[in-house]
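These protein sequences, in sequence, are chains U and Y. Mapping of the first sequence onto the numbering used here: position 297 corresponds to residue 299, and the numbering continues sequentially without gaps. Mapping of the second sequence onto the numbering used here: position 16 corresponds to residue 998, and the numbering continues sequentially without gaps.
Accuracy of the hints is not assured; some may be wrong.
Stated by the list, open to error - Result set (EDC-like, lysine to aspartate or glutamate): computed pairs, CA atoms no more than 20 Å apart in a straight line: (1) U:K93 - Y:E1091; (2) Y:K1267 - Y:E1163; (3) Y:K1063 - U:E71; (4) U:K93 - U:E307; (5) Y:K1000 - U:D237; (6) U:K93 - Y:D1061; (7) Y:K1108 - Y:D1192; (8) Y:K1072 - U:D78.
Note that these hints are calculated values from the structure, not bench results.
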Amino acid sequence: MRVGQNPAKSIDSVPQPQRVTVALVSYIPFLGGYYAQSLEVLKTCLGSLWEATRTAFDLLVFDNASCNEVRGYLQDAHSQGRIQYLVLSDKNVGKGGAWNFIFQAAPGEIIAYADSDILFRRGWLERSLEILAAFPQAGMVTARPMRTPEAFYTSTLEWARQQADVQLEQGNFLPWETYLEHVLSLGTSEEQAREWFASRQDIRLTRQGVSAHVSAAHFQFTAPKSILAQFVPFDMDRPMGQVRSLDEQMNASGYLRLTTCDPLVKHLGNRIEAGSIQDGARPAPKLGFLHLPPVKKALLRIYDEIFRLYHT
Amino acid sequence: MRTGANPAKAGLPAYQSKRLGIATIMYIPSQEGYFEHSLEIFTHMIASLRAATDQPFDLLVFDNGSCAEVVAALRSLCDQKQIDWLIQSKHNLGKAGAWNWIFAAMPNELICYADSDVLFRPGWLKASLEVLDAFPQAGMISAQPNFYDVMSGEGKAHLNLTGDSRYALIEYWPRSEIIDEFCLGIGASDEIAEPFYKNPLPAVKNQESDVEAVIGASHMQFLIPRQVARQVVPLPATMGLRRTETMSLDYKIDELGFLHLSTQQPYVFHMGNTLSERLLDEVKKVTGAPAAPTAGAKQETVRKAAWQRLALRLVQHPRFNRHFVRLYNFLFQALHSKR
Chain U
3 MRVGQNPAKS
13 IDSVPQPQRV
23 TVALVSYIPF
33 LGGYYAQSLE
43 VLKTCLGSLW
53 EATRTAFDLL
63 VFDNASCNEV
73 RGYLQDAHSQ
83 GRIQYLVLSD
93 KNVGKGGAWN
103 FIFQAAPGEI
113 IAYADSDILF
123 RRGWLERSLE
133 ILAAFPQAGM
143 VTARPMRTPE
153 AFYTSTLEWA
163 RQQADVQLEQ
173 GNFLPWETYL
183 EHVLSLGTSE
193 EQAREWFASR
203 QDIRLTRQGV
213 SAHVSAAHFQ
223 FTAPKSILAQ
233 FVPFDMDRPM
243 GQVRSLDEQM
253 NASGYLRLTT
263 CDPLVKHLGN
273 RIEAGSIQDG
283 ARPAPKLGFL
293 HLPPVKKALL
303 RIYDEIFRLY
313 HT
Chain Y
983 MRTGANPAKA
993 GLPAYQSKRL
1003 GIATIMYIPS
1013 QEGYFEHSLE
1023 IFTHMIASLR
1033 AATDQPFDLL
1043 VFDNGSCAEV
1053 VAALRSLCDQ
1063 KQIDWLIQSK
1073 HNLGKAGAWN
1083 WIFAAMPNEL
1093 ICYADSDVLF
1103 RPGWLKASLE
1113 VLDAFPQAGM
1123 ISAQPNFYDV
1133 MSGEGKAHLN
1143 LTGDSRYALI
1153 EYWPRSEIID
1163 EFCLGIGASD
1173 EIAEPFYKNP
1183 LPAVKNQESD
1193 VEAVIGASHM
1203 QFLIPRQVAR
1213 QVVPLPATMG
1223 LRRTETMSLD
1233 YKIDELGFLH
1243 LSTQQPYVFH
1253 MGNTLSERLL
1263 DEVKKVTGAP
1273 AAPTAGAKQE
1283 TVRKAAWQRL
1293 ALRLVQHPRF
1303 NRHFVRLYNF
1313 LFQALHSKR
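Sequences and hints are given; from them, build the entire structure.
If you want it as structure tokens, here you go:
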């Protein structure tokens, strides 16, 4: 039975959420193979976030069933008050499942989402918010310019062409180095990057003195919660690979997809240092025959099956 | 930079939530005074839930800024796979603030909320679902007859039942043992308890199925369909635990036209913050009950092929495990090295 009065009844005020909730999803099932450096990447990501963000925000981390080392690190950061909301999921509900949770529950009016392998640079949030303010129809703003397929930003172009107070320019505004930095981070070769770079141009919009590139990406974006909430629940039955539906729905609903003009976030990927795989094991074997298509296919199958055995 | 393909993209299935999700809120700022036994009582709650729930469910615990010892205990329960989602808030957001998270985000079709000091008895879910089936317009269903009208007669949704030939508004006289137990749970004085013995509770009957339910539901424990939960958030949340804020849930549900209902029998019991012989007996009775397929909740039913079962046994075997890990890492390095 209840004896006495619950002291919680005498709490006259509770902290109110910040306007911006920065939300990250982490999934590092073990520290080996693809994920050998992922904890270091996560630490770099969070460290840069805390260092580079001047606007007040609450940090929400949704951990999608990572290993104990990762959870221990997140738990420590939460205990130190550096993560305001830590969600530990016992199972991997996928990026879509985590989005369903975040986009509905995050307490901020603005949600700044990032994968857990992003490096933040000074001004990333402030500039993203500036663009959201200057372009009220904006659905998502990524804090780095990039070139993506036009199919995902047709609504942005259509809207811009109809606005008398919007200046639309087309040309090569994106420096090669900026383009290359991102494309290399995805594991693409420089040769391929040069070919892509030559084949496309950038579109820049300016309104009320604020410029933004046309395009956006789902690895990092800042968006009004009221808009994101319109697209949930995402029907995703796989952990990854179906998240483009956000880009499609955002465009189909007529919202703008924009980026900052400067590269204020960087995709780190799964390795901190380029050029070497360091996971405490021996150097990478250079066995050319493993890359023969049938051999590689068979080995990849074994590799994937071992992962499945451990993680399903 | 990215090296290799993220294995998570290799077509693995993402976890799909169960039909039922159960959520509770923890707030144990210290293990003294009022909260001295709260952690132990919470463990009784979880045990009773597992023993008394005959359907698989996902369990969400929202920790509203508890002390380090309690957080460590929750982490341990997570590690033991007793909690499916643990939300840790650095600060106490209040009960309504935590509800805002739970009702907005739980993916389950049916959401059961319970305070962290509620004992569940076998049959609670079946009885609650019977009421939901008989009254599909129900928004909140408690598994214990409701004695307090939190809206003090201002509720209107149940008035829609008047004149509907499918339903009859009736009176329900709970047995004195039911009232005794309720009063014991809340520590009611004789003065508070007296009217409960003298007045019937308003109730409703489905004429076709003969299912009866008490009109009214309790914040202590209730079942709420997800589609209703999504419509009631956000609730105002500026204080720790104030009736004015938690009651906004009732007003929203009522305004939306959904009913507050409760079962006629007490399938849940408010344990409060103290332990007694009677309570411990009750806990033993529930958790010792052999019937419930307890953790249907924790049984995964993914069918694996024979070779997968064999391989799984091998990779989990201490002697072979490290070899598989080495093979895995070797393959990653070899397959993703530059030629």
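(request) Quick one: which hint numbers does this structure break? Sort them smallest to largest. (result) Violated hints: none; all satisfied.
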